[in-house]
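Participant: Each chain is listed here by its residues.
Protein chains: 2
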Amino acid sequence: MENILFDPISKYMTLTEEEKETILALEIFKSFKKGSIILRKGQISDDSYFMLKGCIRCYYEIDGEEKTTAFYTENEGLNPQCYITGKPSEYYVSCVEDSIIIVNNRRMEKIMFEKFPRFEKLCLKMAEELNAKIQYDFDEFKTSSPEQRYLSLLKNRPDLLQRVPQYQMASYLGITPQSLSRLRRRILRHAN
Amino acid sequence: MENILFDPISKYMTLTEEEKETILALEIFKSFKKGSIILRKGQISDDSYFMLKGCIRCYYEIDGEEKTTAFYTENEGLNPQCYITGKPSEYYVSCVEDSIIIVNNRRMEKIMFEKFPRFEKLCLKMAEELNAKIQYDFDEFKTSSPEQRYLSLLKNRPDLLQRVPQYQMASYLGITPQSLSRLRRRILRHAN
Chain A
5 MENILFDPIS
15 KYMTLTEEEK
25 ETILALEIFK
35 SFKKGSIILR
45 KGQISDDSYF
55 MLKGCIRCYY
65 EIDGEEKTTA
75 FYTENEGLNP
85 QCYITGKPSE
95 YYVSCVEDSI
105 IIVNNRRMEK
115 IMFEKFPRFE
125 KLCLKMAEEL
135 NAKIQYDFDE
145 FKTSSPEQRY
155 LSLLKNRPDL
165 LQRVPQYQMA
175 SYLGITPQSL
185 SRLRRRILRH
195 AN
Chain H
5 MENILFDPIS
15 KYMTLTEEEK
25 ETILALEIFK
35 SFKKGSIILR
45 KGQISDDSYF
55 MLKGCIRCYY
65 EIDGEEKTTA
75 FYTENEGLNP
85 QCYITGKPSE
95 YYVSCVEDSI
105 IIVNNRRMEK
115 IMFEKFPRFE
125 KLCLKMAEEL
135 NAKIQYDFDE
145 FKTSSPEQRY
155 LSLLKNRPDL
165 LQRVPQYQMA
175 SYLGITPQSL
185 SRLRRRILRH
195 AN
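Protein sequences appear in the order of chains A and H.
For the first sequence, the working numbering assigns the number 5 to the initial residue and increments by one for each residue that follows.
For the second sequence, the working numbering assigns the number 5 to the initial residue and increments by one for each residue that follows.
Think of the hints as simulated: they come from the structure by calculation, not from any bench.
Misleading hints may appear alongside valid ones.
As the list claims (entries may be wrong) - 30 angstroms max Cα-Cα, derived DSSO-like pairs, lysine-lysine: (1) A:Lys146 with H:Lys37; (2) A:Lys114 with H:Lys114; (3) H:Lys57 with H:Lys159.
Stated by the list, open to error - Over the 10 angstroms line for every Cβ pair with chain H, so calculated as not near, a few chain A residues: (4) Glu22; (5) Ser35; (6) Phe36; (7) Gly58; (8) Cys99; (9) Phe120; (10) Ile138; (11) Asn160; (12) Tyr171.
Said to hold, decoys possible - Just the calculated beta-carbon pair ranges, DEER-fashion: (13) H:Arg122 with A:Asp141: 27 to 33 angstroms; (14) H:Lys38 with A:Lys91: 32 to 38 angstroms; (15) A:Ile66 with H:Phe117: 38 to 44 angstroms; (16) H:Asn196 with A:Gln166: 49 to 55 angstroms; (17) H:Glu133 with A:Thr180: 31 to 37 angstroms; (18) A:Lys119 with H:Ser185: 14 to 20 angstroms.
For glycine and all other residues, C-beta sits at the position ideal for the given N, C-alpha and C.
Use the sequences and the hints to build the structure in full.
Facilitator: Set out below in structure tokens:
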């Protein structure tokens, strides 16, 4: 368990034993069953999430329908808006699979930053990288068709297409489940 | 000039005279004429931008056409992907208006962080807020129609609709200039 926690961090810095022990003492590992809702619309939470195992999904409820906006899997972090702004969440976050997640909050961050100031540098680096990732995804969404988005997933995130239910994937791509089925058949025909 | 630089920072922290002088000595104010391109596709730059005055636009060139993905105006910051990843930029950034911009780079950041470590906290806060903003804009784009996007701008960013050429605004909303004209006429009719 410790390895899957410290491996992503080792990309940025080598932790001392004391730092590792402090992190472990915060008890930030949480396990969630598939289907669990970890953040609800209207909830004010200062939890942030870093995925160690599994898959979570962000979705809005609009006119009684779920509109999926994001998936996060291993080694991806989510800082929900309510964590940053302190306002009620406008969306839900639920587990697509059984998941193990680092759940961090402002109190824990404060403890870490006071004890180990260099963690601030780590968080800045991670926030900037998250920034680049969201910006890239947003630009790609704006500059491509649903078919191009699907082909990009097929190339870059084939695992996600296997792990996520079709109706959630269709919503994420901005099309109906029927259109997604047609799109997949068309792509399969071209591939053969 | 000093006020428009330090006012946005005063939201987060009160600067000492020494801190202000160090910032001013870095000569980070830059003036650009309308139409100037400040970042080109393929360029590797570690500049980041914070808007003091004016308006800049990010756009891709796709099949010979410009696809506008973002506008930034007063008190908004842009950390281009190349600044974060060190890879060549995939898009252009140009000035929609004459602009005054804080242009910061990694070398300057290093000087500031070494001399005033608390600036790291400031940058982390700003990176997180930028994060929330991009996430919010992305979610709004995914969960709304072009008409809803236009109405949202009319409510939240009416200045932008006045400042930006129609063809750029249409591209930003994900529609043709003709559709934007029809949409505006329809909204005006309903308003009267």
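Participant: Confirm or reject each hint.
Facilitator: Here's how the hints hold up against the structure:
no. : hint                                       : verdict
1   : A:Lys146 with H:Lys37                      : holds, 28 angstroms
2   : A:Lys114 with H:Lys114                     : holds, 23 angstroms
3   : H:Lys57 with H:Lys159                      : holds, 21 angstroms
4   : Glu22                                      : holds, 20 angstroms
5   : Ser35                                      : holds, 26 angstroms
6   : Phe36                                      : holds, 21 angstroms
7   : Gly58                                      : holds, 21 angstroms
8   : Cys99                                      : holds, 19 angstroms
9   : Phe120                                     : holds, 13 angstroms
10  : Ile138                                     : violated, 5 angstroms
11  : Asn160                                     : holds, 15 angstroms
12  : Tyr171                                     : holds, 16 angstroms
13  : H:Arg122 with A:Asp141: 27 to 33 angstroms : holds, 32 angstroms
14  : H:Lys38 with A:Lys91: 32 to 38 angstroms   : holds, 36 angstroms
15  : A:Ile66 with H:Phe117: 38 to 44 angstroms  : holds, 43 angstroms
16  : H:Asn196 with A:Gln166: 49 to 55 angstroms : holds, 53 angstroms
17  : H:Glu133 with A:Thr180: 31 to 37 angstroms : holds, 35 angstroms
18  : A:Lys119 with H:Ser185: 14 to 20 angstroms : violated, 59 angstroms
Checked against the numbered hints above, the structure breaks hints 10 and 18 and satisfies the rest.
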